[in-house]
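J.: One-letter residues, chain by chain:
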Amino acid sequence: MTVTGDHTGDHTGDGMVDVLAGFIQELRAAGLPVSLTENLDAMEAVRHIPLVDREAFKYALAATLVKNNAHWKAFETIFEVYFSMRGSQFAITGEGTGADEAEIEQLLDELMGTGLDGGGGMEGLTAEQLAEMLYRALMHGDEALLRALARSAVSRFAGMEPGRPVGGTYYLYRTLRQLDLDGVLERLLQAAREEADGGLTPLEERLTKDEFEARIDMLRKEIEAEIRRRLVADRGAEAMAKTLRKPLPEDIDFMHATRDELASLRRAIYPLTRKLAVRLARKRRHGRKGPLDFRSTVRHSLSYGGVPAEPKFRYPRPSKPEIMVVADISGSVAAFARFTLQLVYAISSQFSRVRSFVFIDGVDEVTRFFEGIEDITEAVHRVNTEADVVWVDGHSDYGHAFESFWERWGQEISSKTSIILLGDARNNYHASQSWVVHEMRNKARHVYWLNPEPRSYWDTGDSIVSQYGIYCDGVFECRNLKQLEGFVEHLG
Amino acid sequence: MIDTSPRFDSVPAVRDDLRRVHYLADEGIAGVVFLADRLGKPVLVEGPAGTGKTQLAKSVAEMTGSRLIRLQCYEGLDESKALYEWNYKKQLLRIQSQRVAEDGGGIGWTDIEEDIFSEPFLLTRPLLEAIRASEPVVLLIDEVDRVEVETEALLLEILSDYQVSIPELGTVSANQIPLVFLTSNNTRELSEALKRRCLYLHIDYPSLEREKEIVLTRVPDVSDHLADQIVRIVRSIRTLELKKHPSVSETLDWARTLVLLGIQSIDAEQAKETLHILLKYQSDIAKAAKELAGASTK
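So the sequences go chain by chain: U and S.
If you read the first sequence in my numbering, its first letter stands for residue 1, the second for the next number, and so on.
If you read the second sequence in my numbering, its first letter stands for residue 1001, the second for the next number, and so on.
Bear in mind the hints are in silico, worked out from the structure with no lab data behind them.
Errors might be hidden in some of the hints.
[As the list claims (entries may be wrong)] Below are the BS3-like pairs computed for lysine-lysine, each with C-alpha atoms no more than 30 Å apart in a straight line:
(1) U:Lys312 with S:Lys1058
(2) U:Lys73 with U:Lys58
(3) U:Lys275 with S:Lys1195
(4) S:Lys1195 with U:Lys242
(5) S:Lys1090 with U:Lys275
(6) S:Lys1272 with S:Lys1195
(7) S:Lys1280 with U:Lys312
(8) S:Lys1243 with U:Lys320
(9) U:Lys246 with U:Lys320
(10) U:Lys209 with S:Lys1244
(11) S:Lys1195 with U:Lys73
(12) S:Lys1272 with S:Lys1058
(13) S:Lys1290 with U:Lys320
(14) U:Lys209 with S:Lys1090
(15) S:Lys1244 with U:Lys246
(16) S:Lys1244 with U:Lys482
(17) U:Lys320 with U:Lys58
(18) U:Lys312 with S:Lys1089
(19) U:Lys482 with S:Lys1243
(20) U:Lys482 with U:Lys246
(21) U:Lys275 with S:Lys1244
(22) S:Lys1195 with U:Lys246
(23) S:Lys1244 with U:Lys221
(24) S:Lys1272 with U:Lys482
(25) U:Lys58 with U:Lys246
[Said to hold, decoys possible] Only part of the chain U face toward chain S is listed, based on derived beta-carbon distances under 7 Å:
(26) Tyr59
(27) Asn69
(28) Leu203
(29) Thr273
(30) Lys275
[As the list claims (entries may be wrong)] Label-pair ranges, simulated between beta-carbon atoms:
(31) U:His381 with S:Pro1006: 49 to 57 Å
(32) U:Arg295 with S:Thr1171: 39 to 47 Å
(33) U:Arg299 with S:Arg1099: 45 to 53 Å
(34) U:Arg28 with S:Glu1273: 47 to 55 Å
(35) U:Arg220 with S:Leu1261: 45 to 53 Å
(36) U:Glu213 with S:Asp1204: 14 to 22 Å
(37) S:Glu1241 with U:His256: 18 to 26 Å
(38) U:Ser352 with S:Ser1173: 51 to 59 Å
(39) U:Arg314 with S:Ala1153: 53 to 61 Å
(40) S:Asp1228 with U:Arg174: 52 to 60 Å
Since the model is a prediction, treat every value here as computed from it, not as a measurement.
C-beta atoms are modelled at their ideal positions from N, C-alpha and C, and glycine is treated no differently.
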């Protein structure tokens, strides 16, 4: 693969330095911490890499600039924008189409050993023929042909117009709608079933499906890349990178996460819990304030001829806190409650006991769903479907929920309990019953409130967070994983 | 003094050399190893457990004919275990013997002091050893995330300047720049200072083709068909939401088991019976078994 355009083979020229500088600036704008040393390292590194080797070039930049795997995706997107293949064949107007289709013909000939019926003329393939070729390319997993088809499909279906201010997703959607990939997958599976004698076993069926899905996924990525290349050619790298900028996983807002973002949050939360558990355990072990351990000191003095040169101390073993999580799981804050519950349970070994309660306008204990279950996601799912949390109409009523909580479980709060209240405190103008939180504060060790809304929205409209907040030990803004992580560490 | 002639010619050369010692590197791995040599920088390797992070350092040592010096990190590691230590027992003996000799009129304290803080009383630990070695070495600092943040600082001098300062002796610099690999399982965030000094390499689960090749090279007697099936099933399992995904080493264990059992072609039943080699949690095994047995046909 070659990089064409304004910096071919020019290792140290100004062109390269400029492109790299713009690239690094964009990385910083996207939130990646790139230091000056790393910047210089990258410049140094690319001097050792032949620029024609695009993959090696990419990895050289990655090794020097990206020091956290969670940032890889952001890096890759920006890299594709700044160092995409450039040239006239990527112009939006689609002059290259004829050449593309000739290439498709040729590749197809190689693949099948014969040309398609009626495919001899260069004046263009029909949509049906294109679909047919796509089907065959996917069947045989021919990557070169898939790439060529992706290019052709984009120039044919995306309807891209120069200067039109729409994002890449719009074009992607238009292209994919025409290709009907779900239908193609079904057809591929059907063909595979017919080919096998006596049908596929479930295992074979699954593996075949995985394989076809992987190929279709490759096609989709190729189409996406092609659209991006054309948009870059049209608008320039800076503008394009700006429209593609997305928050890093640790900065994604819980309340407004899209489905994809929620998935990436779920993936990010597991390594996070592991880190937190290790850190909390260490914190507990490393309080060096214990009294002198006389026996151990004398024992160790023996290696110094009876001189107590090395005093030994007893390490205190602080008792682990008991946690009660009381979470609002009504619509808008449900995602937040789910992540917090997941996080708290994943590190439950750091607490003597974790009890959880969920409410909307009624309140229910859900600790049982988590007991003896290894799969936390499943437990969270059961919480959402089975807990009895609706009292009247299913609109948040913090006042009533807290009152019933206090009546049923209030006497179980002890001086070892830390209570965490989760919610946006949007009470739909019901009575606040904030005396409950006051009472909790008197009995429990700590009461914390976590609010997934930005601080500037607090106490606007029907939010009454400060009416509760004055009785809490702390009210924390918890909009993303970074903030949640910070809070849980504080707790341990 | 420092020998800086490059060890490798190009990225593909690194890749071929690694293949020679049966380590199948992808483009990224080979590229970073190449750069580590050219830039004289340590490599920080992260990634899921069992994807060949430690093996990479071992293979690089083997392929360059270097000695591998390994520092296994653990909580509570300090400079006396990582860098150097004065052999205090020997020092005590030296002082004791001096006392005996003193009865017949001996030497002053200054002489003894100079004497007991000299090389014969120095115990070198892995880091110092790597610096002082005259032959080529590969230094592997394994699971660096296990030490405390404060202890990390111990490594900074050696990683950026390839030297160790010993107050009583002065600074010991390297004769040659060793290739340094640090591995981390990512149980905590490493300090910025450490990351800045290193090249970063993330080794993820390999692609389908590469994993198949790994199985074929590492497991003798495995047929092409079986290897293909194995890696496909493993890929399928890795798409599930599990507590711990099967690692490459577990894939290899599974392949070896299937070969030992004389299985030529896996069916769902056999896969289910041997899943405990691939997965280590009961809930994961149950989930994967259910999925493989055909929950996909909905």
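J.: Against this structure, judge whether each hint is valid.
T.: Hint check results:
no. : hint                                : result
1   : U:Lys312 with S:Lys1058             : violated, 39 Å
2   : U:Lys73 with U:Lys58                : holds, 13 Å
3   : U:Lys275 with S:Lys1195             : holds, 17 Å
4   : S:Lys1195 with U:Lys242             : holds, 27 Å
5   : S:Lys1090 with U:Lys275             : violated, 42 Å
6   : S:Lys1272 with S:Lys1195            : violated, 42 Å
7   : S:Lys1280 with U:Lys312             : violated, 40 Å
8   : S:Lys1243 with U:Lys320             : holds, 25 Å
9   : U:Lys246 with U:Lys320              : violated, 39 Å
10  : U:Lys209 with S:Lys1244             : holds, 23 Å
11  : S:Lys1195 with U:Lys73              : holds, 19 Å
12  : S:Lys1272 with S:Lys1058            : violated, 34 Å
13  : S:Lys1290 with U:Lys320             : violated, 38 Å
14  : U:Lys209 with S:Lys1090             : violated, 69 Å
15  : S:Lys1244 with U:Lys246             : holds, 28 Å
16  : S:Lys1244 with U:Lys482             : holds, 23 Å
17  : U:Lys320 with U:Lys58               : violated, 47 Å
18  : U:Lys312 with S:Lys1089             : holds, 20 Å
19  : U:Lys482 with S:Lys1243             : holds, 22 Å
20  : U:Lys482 with U:Lys246              : holds, 16 Å
21  : U:Lys275 with S:Lys1244             : holds, 15 Å
22  : S:Lys1195 with U:Lys246             : holds, 24 Å
23  : S:Lys1244 with U:Lys221             : holds, 27 Å
24  : S:Lys1272 with U:Lys482             : violated, 39 Å
25  : U:Lys58 with U:Lys246               : holds, 20 Å
26  : Tyr59                               : holds, 4 Å
27  : Asn69                               : holds, 4 Å
28  : Leu203                              : holds, 4 Å
29  : Thr273                              : violated, 11 Å
30  : Lys275                              : holds, 5 Å
31  : U:His381 with S:Pro1006: 49 to 57 Å : holds, 55 Å
32  : U:Arg295 with S:Thr1171: 39 to 47 Å : holds, 42 Å
33  : U:Arg299 with S:Arg1099: 45 to 53 Å : violated, 26 Å
34  : U:Arg28 with S:Glu1273: 47 to 55 Å  : holds, 53 Å
35  : U:Arg220 with S:Leu1261: 45 to 53 Å : violated, 39 Å
36  : U:Glu213 with S:Asp1204: 14 to 22 Å : holds, 19 Å
37  : S:Glu1241 with U:His256: 18 to 26 Å : holds, 23 Å
38  : U:Ser352 with S:Ser1173: 51 to 59 Å : holds, 52 Å
39  : U:Arg314 with S:Ala1153: 53 to 61 Å : violated, 28 Å
40  : S:Asp1228 with U:Arg174: 52 to 60 Å : violated, 37 Å
Hint violations for this structure: numbers 1, 5, 6, 7, 9, 12, 13, 14, 17, 24, 29, 33, 35, 39, 40, all remaining hints satisfied.
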